[in-house]
Structure formats: C-alpha cells, structure tokens
Amino acid sequence: MRGPSTLVRVVLATLVSVVLMTADHKAAHLESVRAALSTVVYPLQYAVHLPIRAGAWIAENLSSRGDLIAENERLKVDRLRLQARLETLATLEAENRRLRSLLDSSVKSAEKVLVAELLSVDMNPFSRRIVLNKGRRDGVYAGQSLVDSQGVMGQVVSAGPFSSTALLITDPSHALPVQVHRTGLRAVATGSGASDSVSLSHIPNNADIRVGDLLVTSGLGGRFPHGYPVGRVTRVQRDSGQPFADVEVEPSARLERNREVLLIWFQGRGVLLDSTYRPTAGPR
Amino acid sequence: MSAGAGARGGLVIAASFVVALMLTALPMPEWASMWRPAWVALVLIYWCMAVPARTGVLVGWSVGLLVDVMSGTLLGQHALALAVTAFVVHQVHRRVRVLPVWQQGATVFGLVFLFEALVLWIDGIKGMPVTLTAYLGAPLVSMLLWPWVFVVLRDARRRFRVS
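Residue numbers (the working numbering), protein chains in the order written: chain L, 10 to 293; chain V, 609 to 771.
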C-alpha cells in the first residue's frame, strides 16, 4: 500500500495546496470555504479562550472594596470631564451639520459600533492578524474597520459565522490612507511587521512633516471612516540621495495590549458599503 | 484489530491533534512567539512514526488546512508543509524508530526545520520579511520538547492500544 502510493499522494497534496494558495492569494473565491472551516475551529479557539476569561472573572470578583471605590472615583471624574467635552461637541456637531447643509455636502457621520473580544493572535511573528469573537451572525463583514479607544487598529479580512479574522495596521501587507492632522498632507501608512511602528511611503523630502505630528485617517479609499487617529510621527529621516523621506509612525491604538476592540459600521458615500468595490486600503 | 479498536484509535489520534491545535492557538507574549513549538508538526511526526499505516500525507494535509484557517494564513500553506513533512517521515520512520529518544530529537529538528522552512518560504514569496530566528526558533524548542511529547503520546498509544 505504501511506497509509490505515498509519493503519488504527496504530489497530489502539493498540487492541490499550490492551487488553493494561488486561488486564495489572487482572489476571494475561497471565502466560503474558509468561513465553513472556521466554524470547525471556533470551538477550539473558544476553549483556549475560556481559562483567560475565567481568570479575568475571578480577578474581577476578588478585587477589594478599596480598589473598587478608588476606581469608581476615578470613573466619576472621567465621566464629568467627558460630559463637559460632550456638551461642547453637541453644539459643534449641530453647527457642523448646519454648515454642511448650507454647503449641500453629503458627508454623514452615522456610525454604529460593536465591542468584540480577541480570541487569538496570529502565531506567525511577522504577520499581524487577530481573531475576534464576532462573525457574520453579528453583521461583521470583510473590510470592516476596527478601532480601539485610542485609534485605528486594522480591518476585518474574513468573516466566518461566529468569528472573524482581522489584519492590524502593522501587518506588512496592510496599507492605510492617512492625513497629517496639522497640514492636511495625505500619505499612505504601510505596516512594517514590527508591533510598534508603521511607515509612510512616498513622502517627498521637502514635505512639511515633523516628529510629533498626529496622523488621522483620510477616509480616501472608502474602507476607513474619516478622522480617526492613527498615530504620531516618531522619526523623520531626510536623505538628499533618496527620492523620498523615511518617516516612521507609532500607532496610537494599543495594538498588542487590547482584549476588547470596536467594530465600526459607517455610512459614508454610497459606494463605501459595496463589497465588490476593492479600494487600495485592502490587503494586497 | 477489530472495528471498535480501530475507531478508538482514530479517536485518540484525533484528540491528540485537537490538543495540539489548542496549544497552537494559545496566546503567548510577544517575545515568545518566535519560539513557539510546532505542536501540530510534533504530533504528526509521532503518529507517522508510530502508526504509519493510519496517519500520513492525507491526515497531515487536512490538519494543516485547519491550522491555516485558525492562523489566517493562505489556505494550503500549512497543509502543504505538513503533507511534505508526513511524506518525509514515512520515508525515514523505519530507521528513526529504533533510535534512542534523544537521537530522534535530532531528526525531529530536521523535520520541523523543513516544515517551518516551507511555511516561511511561502511567506517570503508573499513578500513578508523573515529572519533567521524564525527558521531556527521553533525547530530548537520542538527538539527539546520531543522527549516529553514522545513519552506522553507513547503512553496514550499503549493505554488505548492504537495500532
């Protein structure tokens, strides 16, 4: 039974694998296969996640009264401060809407968010992917943006029925259209594979960009909503021998420290929710 | 071998792969991710060596597909690597099986290196950066873990008489 038959089998397996990989890499035909198989794997990921949740639950239940009171105090102060800011924001929003209606602009900022928990992170140290515990059942779709309280985290690349996989902005295959908040300069932030930096490509040497500049999403490309913080410039290196400056950015989102993330549904221009539209911000 | 014993053996093998997949999905700190042992490859190597008639290329390929879905890599990437690993184990298992466990470890280093190299080559083709520690970390740790994996799986095999 063995001998030539094993050889035939391994050659077949190799061929099928190569075909699968090519199909998976070039087009999104295999999304349904991936989704179906992810249902099989989901219980495993859930089981691995269980002790971590139990640990968090126990820690929560064992925290002392003093700690709770202190936390409560802190939250009250935070709430007051945020409330004050919200009040000014409400007037600003009303004013903004009025001005936009005067300008007859169609930009809307209707957004819906959903909190998702991390099930697992990619075991490959060079790609930055995470698995979330929300899937198509909760309305998650491929291409959806992912943020935390500090800034943009990434986007969903495949959604299974119960879980979904997301690509972080630090993944080498991720590109994100951004804008320098101070000057409005547009750029594309690509991941470097390192967990704490992304780099800006094709910034001219004479461009007005400095260390400390805040970058926000530009909303171009249609994948990400406009105006979310992305990160701060940590290094600008201008070499007159090179055509472009070397700009490094530290992401503001806490990419490696989060357990909860926010999924965003946003309704911008009509084309944005069309799933067949593949803008530049997608995985290459 | 009765049909009941056969089914039970299949269950034991499947359960060991489930545990390996769970260990693979276990969250680890950033610095340790480079040194994560290739659990699934270790389990596959053991079963291919112990009961080559039951586990082989097809089992490796199917489990690899699950690893691909779980880790979000290209469908077929780990499947290909595990299928080739199973094939190589089939070629050498008669020579390796008689060696003492620590000498088997050296072979396991080579096999896991082959597995990691295949996965990383495909990453490289996709344009991802790869370093030397990525090639050597997992094989080293897997080699050191092999005696324990071997003993645990051998005991399981003997207790449930998987053949």
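Hints are supplied without guarantee of correctness; some may be wrong.
As the list claims (entries may be wrong) - Below 25 Å or equal to it, Euclidean Cα-Cα: the simulated SDA-like pairs (lysine to any residue) are: (1) L:K35 with V:G735; (2) L:K35 with V:V749; (3) V:K734 with L:L39; (4) V:K734 with L:L24; (5) V:K734 with L:P181; (6) V:K734 with L:D255; (7) V:K734 with L:G230; (8) V:K734 with L:T97; (9) V:K734 with L:H211; (10) V:K734 with L:V27; (11) V:K734 with L:K85; (12) L:K35 with V:L744; (13) V:K734 with L:V197; (14) V:K734 with L:S208; (15) V:K734 with L:S182; (16) V:K734 with L:E40; (17) V:K734 with L:A32; (18) L:K85 with L:E104; (19) V:K734 with L:S201; (20) V:K734 with L:R43; (21) V:K734 with L:F135; (22) V:K734 with L:D205; (23) L:K35 with V:M636; (24) V:K734 with L:S206; (25) V:K734 with L:V20.
As the list claims (entries may be wrong) - One side of the interface only, derived from the structure: several residues of chain V facing chain L at Cβ under 7 Å: (26) L634; (27) A640; (28) V759; (29) D763.
If you are wondering where the hints come from, they were derived from the structure by calculation, not from laboratory data. Note that the structure is predicted; figures quoted are calculated from it, not measured. Cβ atoms here follow ideal geometry from the backbone N, Cα and C, with glycine treated the same way.
For this session: Would you list, in rising numerical order, the hints stated earlier that this structure does not obey?
Result: The structure conflicts with hints 2, 8, 11, 12, 18, 23, 27, 28, 29, although it agrees with all the remaining ones.
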